[in-house]
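K.L.:
Below are the chains, spelled out letter by letter.
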Amino acid sequence: MRGCRDVAYLIASDGLAGAGWARRLLVRLHLLYCRHCRRHMAELRTIGSVSRDTWDIASVDSATVRRLEKEVLDQALGKSDRPPPE
Amino acid sequence: MPDERVSYGAGGDVVDGPDLAGRIRARDPDAMQEVVRAYLPQILRAARGAGLDDQLAEDVTQSTFATFIESAPRFEGRSRVRTWLFGILYRKVAEARRRRARDHAVEDIDAVFEQQFDSGGGWTRPPRPVDAEVYASEVRRNIEECLDAVPTKQRMAFVFREIEELDSEEICKILEVTRTNFGVLLHRARARLRICLEDRGLRE
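So the sequence lines, in the order shown, correspond to chains C and Y. Counting from 1, position 69 in the first sequence corresponds to residue 69 in our numbering; the numbering is continuous, with no gaps. Counting from 1, position 125 in the second sequence corresponds to residue 125 in our numbering; the numbering is continuous, with no gaps.
Keep in mind that a hint or two might mislead.
Here are the simulated distance ranges between beta carbons [stated by the list, open to error]:
#  : chain 1 : residue 1 : chain 2 : residue 2 : range
1  : C       : 38        : Y       : 70        : 16 to 26 Å
2  : C       : 62        : Y       : 145       : 35 to 45 Å
3  : C       : 28        : Y       : 119       : 18 to 28 Å
4  : C       : 62        : Y       : 76        : 14 to 24 Å
5  : Y       : 110       : C       : 33        : 49 to 59 Å
6  : Y       : 129       : C       : 74        : 14 to 24 Å
7  : C       : 74        : Y       : 121       : 54 to 64 Å
8  : Y       : 119       : C       : 58        : 41 to 51 Å
9  : C       : 56        : Y       : 100       : 23 to 33 Å
10 : C       : 24        : Y       : 67        : 39 to 49 Å
11 : C       : 26        : Y       : 128       : 19 to 29 Å
Beyond 12 Å from chain Y on every Cβ pair, some chain C residues (computed) [said to hold, decoys possible]:
#  : residue
12 : 8
13 : 32
14 : 48
15 : 55
Derived from the structure by calculation, the hints contain no laboratory data. Keep in mind the model is a prediction, meaning the values are calculated, not measured. Just so it is clear, CB atoms sit at the ideal spot from N, CA and C, and this is done for glycine as well.
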């Protein structure tokens, strides 16, 4: 591994999950002493959690969902003459 | 009057069952209804997460289900219904974003990433210490605009992983990429986001 560069790449590509135990151990050891890579990992976690909050399922309002469900099902069951959007 | 909100889990309701594929192939109205009710909110959210405005996200959602219903007789049940739907959505989003010409030429993110490290692989521009709360609030303020600059395939890899919380195996099927390619897409999306946030003054 080429130090921080490879650790940063492995973390950002979700590559740790598929890595062997030896590589995972090396990354863990690296993170113990490298505060820059720990910060990098923390930043990516924050970006992920803010994204989940921003596009939370609760932001999908039920009136829109019900209307779309009805339109889609009317199309599917042949109750509508209007073609679906392309 | 405040909007009534719908409560769904991140993974949506799983409606796959042993006989569902057959019912979908037969375009059984009850099966169609189950699928639409279970997955429409998730598809709409992912369309919005893909950067489409509300109207376009609704159109793409409708169009995704129209294609799903049209192609129902070909559904063999080898993948989950959700995987199939997200695959259709991905192609619709790519088409919609192409029409809006959002995938304009952008800087070579790999080169920008490499510039952050010296020849020995050490950081040349390490992440600076920023208070976690401050960082989160700045990300919140800028995330939508920064994500807008991410090319479609990278963005959808990010949306499926971070927002929809799908596992990598399912995302690879949806995007029709290998595990290695998915890692590259995700790394590029995250690198673009970090650098965009940095350019917006998140760093000293």
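K.L.:
Give a verdict on every hint.
P.N.:
A quick look at each hint next to the structure:
{"no.": "1", "hint": "C:38 / Y:70: 16 to 26 Å", "result": "49 Å, violated"}
{"no.": "2", "hint": "C:62 / Y:145: 35 to 45 Å", "result": "28 Å, violated"}
{"no.": "3", "hint": "C:28 / Y:119: 18 to 28 Å", "result": "25 Å, holds"}
{"no.": "4", "hint": "C:62 / Y:76: 14 to 24 Å", "result": "33 Å, violated"}
{"no.": "5", "hint": "Y:110 / C:33: 49 to 59 Å", "result": "27 Å, violated"}
{"no.": "6", "hint": "Y:129 / C:74: 14 to 24 Å", "result": "56 Å, violated"}
{"no.": "7", "hint": "C:74 / Y:121: 54 to 64 Å", "result": "58 Å, holds"}
{"no.": "8", "hint": "Y:119 / C:58: 41 to 51 Å", "result": "47 Å, holds"}
{"no.": "9", "hint": "C:56 / Y:100: 23 to 33 Å", "result": "25 Å, holds"}
{"no.": "10", "hint": "C:24 / Y:67: 39 to 49 Å", "result": "41 Å, holds"}
{"no.": "11", "hint": "C:26 / Y:128: 19 to 29 Å", "result": "25 Å, holds"}
{"no.": "12", "hint": "8", "result": "8 Å, violated"}
{"no.": "13", "hint": "32", "result": "16 Å, holds"}
{"no.": "14", "hint": "48", "result": "4 Å, violated"}
{"no.": "15", "hint": "55", "result": "4 Å, violated"}
Hints 1, 2, 4, 5, 6, 12, 14, 15 from the earlier list are contradicted by this structure; the remaining hints agree with it.
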